[in-house]
Amino acid sequence: MSEKNKNTQNPSSAPLTDWAAIDKLEAEVTTLPKRKKTGGMRLRRILGNTVGQTVLTILSIIWVIPLFYLLIQSFRKEPGAWSPTFFPQEWTLDNYKKLFFETEFPRWYGNTLLISIISCAITTAFVLMVSYAFSRMKFKARKPMMNIMLILGMFPGFMSMSAVYFLLKILLPDNYQSHLSLIIVYSAGAALSYYIAKGFFDTVPRALDDAARIDGANRFRTFYKIILPLSKPIIIYTILVSIVAPWCDYIFVSYIMSGVPDTGMYTVSLGMYKWLEREMIQQYFTTFCAAAVVVATPITALFMWLQKYYVQGVTGGAVKG
Amino acid sequence: MASLSLKHIYKVYDGGVKAVNDFCMEIEDKEFIVFVGPSGCGKSTTLRMIAGLEDITAGELRIDNEIVNDFEPKDRNIAMVFQNYALYPHMTVYENMAFSLKTARMPNDVIHAKVTEAAEILGITEYLGRKPKALSGGQRQRVALGRAIVRNPKVFLLDEPLSNLDAKLRAAMRAEISRLHERLGTTFIYVTHDQVEAMTMGTRIVVMKDGFVQQIDTPINLYKYPDNIFVAGFIGTPQMNFFDGTMVKQGDKVTFRLDCGTDITMDYIQADKIPLKYMDGDKKIVFGIRPDGVRLGKAEDDSLWAGAKAIVSVVEVLGGETLVYANLNVNTPDEAEGQIIIKADPDCVVHRGDVVDISISKKKFHVFDKETEKSIRRRLPEENIVKCSVKGSRLSFGGQSFALPTAIAAKDSDSAELVMPVSAVSLGKGEGKATLQWTEDIEGKTLYFLKVGELTLFAAEEGDARFKVGDELAFDVDMCAIKVDSCGIAPMALVNTVDGVFSKEKNGKQYRFFMEMAGSRLLPDPDVCRKLFACKGTKIFKTDIQYVFDAAAVSVVDKAVEYATLSGTVSEVLDYGYIKYAKVSVGGELITVAYDGKAGDSVNLRIDPARITVKDRKLDIIIV
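Keeping their order, the protein sequence lines are chains A and B.
For the first sequence, our numbering assigns the number 1 to the initial residue and increments by one for each residue that follows.
For the second sequence, our numbering assigns the number 1 to the initial residue and increments by one for each residue that follows.
Treat the hints as calculated values from the structure; they're not laboratory data.
Keep in mind that a hint or two might mislead.
[What the hints assert, rightly or not] Derived BS3-like pairs: lysine-lysine, alpha-carbon spacing no greater than 25 Å straight-line:
no. : chain 1 : residue 1 : chain 2 : residue 2
1   : B       : K168      : B       : K253
2   : B       : K364      : A       : K225
3   : B       : K374      : B       : K309
4   : B       : K102      : B       : K224
5   : B       : K411      : A       : K24
6   : B       : K539      : A       : K225
7   : B       : K411      : B       : K224
8   : B       : K102      : A       : K225
9   : A       : K143      : B       : K18
10  : B       : K539      : A       : K24
11  : B       : K131      : A       : K308
12  : A       : K232      : B       : K168
13  : B       : K539      : A       : K140
14  : B       : K133      : A       : K308
[Stated by the list, open to error] Non-contacting residues of chain B with respect to chain A, defined by C-beta distances greater than 12 Å in every case (computed):
no. : residue
15  : P38
16  : G52
17  : E72
18  : K74
19  : I78
20  : L87
21  : N221
22  : P291
23  : K298
24  : D478
Note that beta-carbon positions come from the ideal geometry of N, C-alpha and C, so glycine has one too.
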């Protein structure tokens with residue numbers, strides 16, 4: 001203790017700096033008095049919140065009704081597409097039993113899962129790398145490329161459908177009606193949706209890249225070790241978006257796969273759509289509802305699990321707070 | 001542990017904006033250099049170019065004698081501390097500090113030892129497991145310093161490291177960084193916009209403005225001998241007082257007539273470094289005096305202090321000193337013209353509206369040219385500017401007369417202005433006679449004050465004084481360098497400027513490079529070649545180039561050698577008495593060379609390839 005005192009009194013001769021004193025000094029100068037809230041302000045806020053919450057609740061009920069209807073219909077015992085009552089008269093799990101043991105649904109489900117996961121992995125990697133390059137690197141074609149990609153991305157994807165079909169025929173002459181084709185279709189154009197991720201990377205301070213460069217990291221290491229760990233929200237966003245697209249896609253699947261003789265190659269959307277055809281719907285409607293629930297469950301779970309990252313701040317502590 | 005050399009460094013952005021212009025500096029080992037200037041002056045850009053984060057458009061950067069222009073930052077052996085700390089937020093303090101070492105694949109125990117040692121120095125051992133988010137600003141800054149220390153760099157680069165901290169903490173950290181510099185014994189380069197930081201920390205300071213270096217000197221020299229109005233105003237708080245005005249010389253006295261109505265009269269000797277041409281009562285000057293060069297009270301010693309009156313407008317009592325804001329024009333206390341800040345004794349009693357006596361130092365003042373804003377009372381004057389007359393090819397000034405060489409065909413004039421560089425006056429021999437008034441030792445150089453008639457002439461030499469005060473000296477004037485505008489005498493242009501390109505030619509499997517100028521091709525110096533590629537890459541072949549070289553780099557040789565000499569004819573010979581220069585016409589260009597012959601001769605010229613400066617003609621920047 002006496003040693004410490006000596007240091008404080010005569011800092012120039014001290015062997016080591018008294019950093020504790022400096023920390024104390026900083027704590028003193030940076031503590032600000034707390035602001036008090038007035039009563040009127042509080043009342044107004046409570047009122048505003050109540051109105052807002054009520055409107056939102058009504059809206060969400062309206063929004064949830066169709067989904068709820070789908071869910072309860074999947075437990076309906078009476079057959080047929082149309083039911084005179086909102087709630088089923090008799091409840092059953094038969095629809096699910098039928099779905100898993102009497103149809104090709106499990107195979108379709110597996111196909112969809114496989115295609116979605118593989119193309120999601122490729123898409124995410126593409127999008128993140130392209131976005132990072134556009135955000136950080138300076139090259140001549142950067143601006144024109146960004147503009148062209150943005151404009152291309154504005155056209156609906158299915159406009160290119162027939163061209164894609166023939167390209168696939170050239171690329172995979174023996175095998176163009178396959179899952180590989182679908183994976184290629186879903187991931188090849190991934191980079192077009194670079195702009196949200198680029199917008200995110202633009203907010204990550206460039207000084208971090210500079211610091212990593214000084215520390216000897218190359219571009220890839222900087223991206224992998226510094227930028228990616230800071231980009232959880234955007235990675236998760238990209239994963240979610242890119243898994244949902246192939247999971248729910250109907251147009252491309254129907255165009256590429258509908259001629260396949262083996263209906264077991266179908267994805268869920270294509271297979272389930274067949275159940276809604278006129279000659280099938282009476283027999284399969286409740287099964288369809290059950291399938292819809294099974295299809296929606298993992299995506300919903302994924303969203304619910306990962307939504308907290310949407311709002312999580314990232315750059316806390318990187319720069320002056 | 002390292003010296004740095006920056007030669008003609010430029011940064012030009014797409015679109016031609018020059019962020020940094022012709023930055024030249026030699027930094028020695030263990031120096032603490034501070035770049036200071038207002039925002040946007042190019043100081044951070046220069047630092048980032050040294051770090052390797054920005055490309056160098058032109059020029060040469062050496063660290064420890066190695067050209068590092070195209071080195072990656074990691075290969076330059078530097079470390080940098082950023083203004084906003086740039087800590088990796090997802091890593092702990094330990095991981096932050098270890099990142100560079102891990103990237104370099106060092107063994108874990110070495111990393112641990114280095115990180116622990118650095119943490120000890122900076123007092124952050126207890127925070128090693130925390131994330132940056134959980135630290136205060138000052139602690140984060142120390143982690144950033146620690147991250148730099150562990151790499152054991154040759155050069156420490158700090159980019160405004162303290163500007164995010166509170167003022168009190170900043171003062172404490174300032175001292176700590178200075179101490180760290182001593183402890184590590186490394187070269188530091190520190191960027192700041194705060195002149196107090198610059199003055200207290202730097203061994204030398206670089207003052208920058210608008211991409212140009214204004215002055216490079218030690219803190220005390222910057223304070224005492226600012227080169228121009230900007231440096232004078234930027235360094236020192238409170239700011240220097242400036243007054244517009246004119247100067248007039250009457251006999252032995254010089255009077256500064258300030259526009260606010262105050263006259264300051266002193267002996268000519270006290271202002272003898274100011275060229276006479278400014279003392280005509282007409283040419284606009286700016287008189288500068290620091291607040292500590294002014295006192296409250298009547299002038300006690302007339303030879304050192306000039307008396308004046310001022311009206312007080314504001315009094316700031318700071319405890320240790322009192323700043324008195326006053327106006328020399330007692331009728332208009334609130335007008336900008338005539339405002340003066342006085343650093344007064346803390347016990348003085350003055351009030352707003354008081355008319356007080358003040359005294360202005362006759363030693364500590366500064367004088368600037370109003371137009372060029374440059375100091376005209378320089379410590380080491382560059383030019384002698386005196387009145388002269390030219391008659392019948394003789395030049396006279398101060399009662400001395402010199403024969404003009406035949407090369408100079410001058411018009412006669414009775415009162416003309418002679419401009420000669422101080423370096424053009426040589427002592428010891430020659431036609432002129434002068435008395436040595438006194439000498440001044442200025443950082444290894446000797447400045448001689450010569451009395452020539454009623455004029456004072458300056459001469460400068462390297463090293464100690466060779467002559468005694470009071471001696472009668474002979475002196476000579478280099479007629480190549482003099483300028484008398486009204487008589488049509490211009491200094492001999494001893495610098496050759498020739499337009500050309502840089503080209504390559506495939507010779508077998510290898511390329512050969514050429515400097516093409518005046519219709520001929522010359523082989524470049526390999527060193528120049530290497531520097532060109534380091535600065536410009538292959539763009540050099542598409543660049544319009546200007547080759548610049550001294551007349552002294554050119555010699556006349558007997559035989560023509562392919563790719564080494566230029567052939568031409570002498571179009572004119574200029575005889576300066578002790579030396580003759582020939583203007584040689586080569587492929588439409590005129591090249592000046594020292595040559596003892598006659599017009600019409602055919603000669604072969606050899607240009608020393610190592611002494612050729614290569615300039616980018618379009619951007620007007622020196623590449624090497």
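* **Hint numbers contradicted by this structure** => Hints 1, 2, 3, 4, 5, 6, 7, 10, 12, 16, 17, 18, 19 and 20 are the ones this structure does not satisfy, whereas the remaining hints hold.
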